[in-house]
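A.B. asks: Sequence:
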Amino acid sequence: MTRSLQTFRMQWRGIVVEIQYEADWLGTLRAPRVGHLSITAISPECAALPITETGYRSHFIDPAAVEEAGGPVAYVTAWLDRAAQGAAWKAHEDAARQMSLF
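The sequence shown begins at 40 in the working numbering and counts up one residue at a time.
Be aware that a few hints might be false.
Ranges between beta-carbon positions, derived for each pair [claimed, not checked]:
#1 136 to 73: 27 to 33 Å
#2 69 to 129: 22 to 28 Å
#3 124 to 93: 30 to 36 Å
#4 84 to 104: 15 to 21 Å
#5 71 to 126: 30 to 36 Å
#6 137 to 67: 47 to 53 Å
#7 95 to 137: 21 to 27 Å
#8 101 to 53: 17 to 23 Å
#9 132 to 70: 37 to 43 Å
#10 42 to 137: 43 to 49 Å
#11 106 to 137: 20 to 26 Å
#12 134 to 106: 35 to 41 Å
Hint data in this document are derived by calculation from the structure and do not stem from the laboratory. Note that this is a predicted model, so its numbers are computed, not measured. For glycine and all other residues, C-beta sits at the position ideal for the given N, C-alpha and C.
Make a model of the complete structure from these sequences and hints.
C.D. replies: Right, dumping it as structure tokens:
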């Protein structure tokens, strides 16, 4: 079985993010296909993202959803942007901007 792993790097709000994507993670070459996204904050290392507090996220997905979004980078960018609209991420960003006296 030959694997087809694609690797991309992008910047999202000052964080360098590495995306690894495999459209046919199971290697079956038949329906239903299962894709896999591996999303890692590279710099700063292990930086929180709105989809993970640890800087790493493994996500199984229908490859058609990735294709419809315009590819792995477009899919992850849209996912991060959507998740960043939530109250938890906004609170995280506000806390990061505040200087701590203690």
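A.B. asks: Are the hints correct? Go through all of them and say.
C.D. replies: Now the hints, each set against the structure:
1. 136 to 73: 27 to 33 Å: violated, 39 Å
2. 69 to 129: 22 to 28 Å: Check failed, 43 Å falls outside 22 to 28 Å.
3. 124 to 93: 30 to 36 Å: Check failed, 21 Å falls outside 30 to 36 Å.
4. 84 to 104: 15 to 21 Å: violated, 28 Å
5. 71 to 126: 30 to 36 Å: holds, 35 Å
6. 137 to 67: 47 to 53 Å: holds, 49 Å
7. 95 to 137: 21 to 27 Å: Holds, since residue 95 and residue 137 (Cβ atoms, about 26 Å apart) stay within the stated range.
8. 101 to 53: 17 to 23 Å: Violated, at about 31 Å.
9. 132 to 70: 37 to 43 Å: 41 Å Cβ-Cβ, so the 37 to 43 Å window holds.
10. 42 to 137: 43 to 49 Å: holds, 45 Å
11. 106 to 137: 20 to 26 Å: At 41 Å between Cβs, range violated.
12. 134 to 106: 35 to 41 Å: holds, 37 Å
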